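Construct all of the structure, not just a fragment, from the sequences and the given hints.
Numbering (the numbering used here), first residue to last: -15 to 141.
There could be a bad hint or two in this list.
Said to hold, decoys possible - Computed beta-carbon distance windows for the label pairs:
{"id": "1", "residue 1": "K86", "residue 2": "S20", "range": "24 to 34 Å"}
{"id": "2", "residue 1": "V90", "residue 2": "P9", "range": "26 to 36 Å"}
{"id": "3", "residue 1": "V49", "residue 2": "T87", "range": "34 to 44 Å"}
{"id": "4", "residue 1": "D42", "residue 2": "S89", "range": "30 to 40 Å"}
{"id": "5", "residue 1": "T120", "residue 2": "N45", "range": "34 to 44 Å"}
Derived from the structure by calculation, the hints contain no laboratory data. Remember, predicted model here, so these are calculated numbers, not experimental data. Think of the CB as a built atom: it goes at the ideal place given N, C-alpha and C, for glycine as much as any other residue.
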Amino acid sequence: MPPRIAETISVSEAPLAEAAGPARPSFGIVVPSAPSSVQVVRQVVRAWTRCHCQLPADQANALLVVLSELCTNAVLHGYTDAFDVRGWVPATGELRLEVDDKTPSVSPTPGSPDADAESGRGLFLVDALVRELGGTWGFSADGARVWCVLPAPGAAR
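If you want it as structure tokens, here you go:
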């Protein structure tokens, strides 16, 4: 019998090397590249933003939509069995999240699908929500990792 999704998730509380200085609070998880993992990531990030980041509910909900879109893209377009999701609050007053599917590719851009298209609006939605939250987002040079940076609660916007 295949392992249940809860048995295949790896969680780390250690600070992340990419962040300069103290990086608390932080989290890192590795989830299977499966549609059901998107909900798992949402639950983890919801708890993290509520317990450790004191993000207002409306901002946390918008962030969950962003993460859902980015994780769905990792599931649909990544070519590995799992993907990583990391989050931390660097000393600079930012909230940073990353989704890494370890699949180098040309960095996608928000599309302009036809009005009757059933998909293709995810990155457009990510762009709009991250800007509304006062943040920025983008891809690593190799296109395998997408990131977003938002002002942490209490940081100047």
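These are the hints, each one checked on the structure:
Look at K86 against S20: about 19 Å separates their beta carbons, and that is not inside 24 to 34 Å. Taking 26 to 36 Å as the suggested C-beta distance range, the pair V90 and P9 conforms, at roughly 33 Å. At roughly 23 Å, the beta-carbon separation of V49 and T87 lies outside the given 34 to 44 Å, and the hint is violated. The hint said 30 to 40 Å for the Cβ distance between D42 and S89, and at roughly 33 Å that hint holds.
Checked against the given bound of 34 to 44 Å, the beta carbons of T120 and N45, roughly 20 Å apart, lie outside it.
In summary, the numbered hints that this structure violates are 1, 3, 5.
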